[in-house]
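S.K.: Sequences are here, hints too, so could you generate the full structure?
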Amino acid sequence: AQSVAQPEDQVNVAEGNPLTVKCTYSVSGNPYLFWYVQYPNRGLQFLLKYITGDNLVKGSYGFEAEFNKSQTSFHLKKPSALVSDSALYFCAVRDEGDNQGGKLIFGQGTELSVKP
Amino acid sequence: DGGITQSPKYLFRKEGQNVTLSCEQNLNHDAMYWYRQDPGQGLRLIYYSQIVNDFQKGDIAEGYSVSREKKESFPLTVTSAQKNPTAFYLCASSMGGSGYKRNIQYFGAGTRLSVL
Chain W
1 AQSVAQPEDQ
11 VNVAEGNPLT
21 VKCTYSVSGN
31 PYLFWYVQYP
41 NRGLQFLLKY
51 ITGDNLVKGS
61 YGFEAEFNKS
71 QTSFHLKKPS
81 ALVSDSALYF
91 CAVRDEGDNQ
101 GGKLIFGQGT
111 ELSVKP
Chain C
1 DGGITQSPKY
11 LFRKEGQNVT
21 LSCEQNLNHD
31 AMYWYRQDPG
41 QGLRLIYYSQ
51 IVNDFQKGDI
61 AEGYSVSREK
71 KESFPLTVTS
81 AQKNPTAFYL
91 CASSMGGSGY
101 KRNIQYFGAG
111 TRLSVL
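First to last, the protein sequences are chains W and C. For the first sequence, position 44 matches number 44 in the working numbering, and the numbering has no gaps at all. For the second sequence, position 112 matches number 112 in the working numbering, and the numbering has no gaps at all.
Just so you know, not all the hints are guaranteed correct.
[Stated by the list, open to error] Only pairs whose alpha carbons sit at most 16 Å apart, straight line, appear in this in silico EDC-like list of lysine to aspartate or glutamate:
no., chain 1, residue 1, chain 2, residue 2
1, W, K115, W, E15
2, C, K101, W, D98
3, C, K101, W, E111
4, W, K115, W, D85
5, W, K77, W, E8
6, C, K70, C, E24
7, W, K22, W, D9
8, C, K57, W, D98
[Stated by the list, open to error] Just a few of them, taken from the derived set where beta-carbon distance is under 10 Å, the chain C residues facing chain W:
no., residue
9, F12
10, P39
11, Y48
12, A92
13, A109
Just so you know, these hints were derived from the structure itself, not from any lab. Note that CB positions come from ideal geometry on N, CA and C, so glycine has one too.
M.R.: Pasting the structure below:
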């Protein structure tokens, strides 16, 4: 079965420090991986995706993510955190072989808190 | 949230009542999706539609119904059969075509439904 795990409910980082939000996945075929961010009472905003090619993907607002096939991981990273990065982050996966309309499978979310 | 409009922003349902959540998109996307968000559970797929006049059940379709009579509209009805409807509901859309699984899903701002 397809699944996504975000092992940390909350990540706390000081402003200016690097941040990492972890994500691991399980699919039967090749994965298509996505990161979204959600601010309070708002919809999800797309940050970046991995489809194929370079394992390091760069996205919006200085975020990047590294695809690691052997560890089935797709961790989100940023070299220097900002207070405005504080939000709820979701990792999501699609299975290339999925025949269910290409639905996204979401992790449970990780709350990122960046303190001044 | 640009391009996808959800209304109303807040909705209250009385016991035994059906309520309808609106989702309209002007992105000319073929595919549309409805997700339910509960705290700590990520997003779960309710229904999806890949083309006008066709839709499929997602993981938690019981107690919900949809229609797709127009490309730009995908309303969700929460019926009285849904015993625990209190949640944040998110509508999304994406491009279709042969590579649809690679496409980004774009989200609306959401509707928060509560039971009176």
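S.K.: Does each hint hold? Answer for all of them.
M.R.: Here's how the hints hold up against the structure:
The suggested pairing of K115(W) with E15(W) holds, with an alpha-carbon distance near 6 Å, which does not exceed 16 Å. Between K101(C) and D98(W) the alpha-carbon distance is near 9 Å, which keeps this suggested pair within the 16 Å criterion. Among the hinted pairs, K101(C) with E111(W) is inconsistent with the structure: their alpha-carbon atoms are about 27 Å apart, more than 16 Å. The suggested pairing of K115(W) with D85(W) holds, with an alpha-carbon distance near 10 Å, which does not exceed 16 Å.
Distance hint between K77(W) and E8(W) is fulfilled; the C-alpha atoms sit about 14 Å from each other, no more than 16 Å. Taking the CA atoms of K70(C) and E24(C), the gap is near 10 Å; set against the 16 Å cutoff, the hint holds. Between K22(W) and D9(W) the alpha-carbon distance is near 10 Å, which keeps this suggested pair within the 16 Å criterion. Taking the CA atoms of K57(C) and D98(W), the gap is near 15 Å; set against the 16 Å cutoff, the hint holds.
Interface restraint check: F12(C) against chain W, minimum CB-CB distance 16 Å, threshold 10 Å, status violated. Nearest Cβ of chain W to the Cβ of P39(C): about 9 Å, under the 10 Å cut. The hint holds. Checking Y48(C) against chain W by beta carbon gives a least distance of about 5 Å; that is within 10 Å, so the hint holds. Because the beta carbon of A92(C) sits about 8 Å from the nearest beta carbon in chain W, less than 10 Å, this interface hint is met.
The interface hint given for A109(C) is met, as the beta carbon of that residue sits about 5 Å from the closest beta carbon of chain W, less than 10 Å.
Comparing the model with each numbered hint stated earlier shows that hints 3, 9 do not hold.
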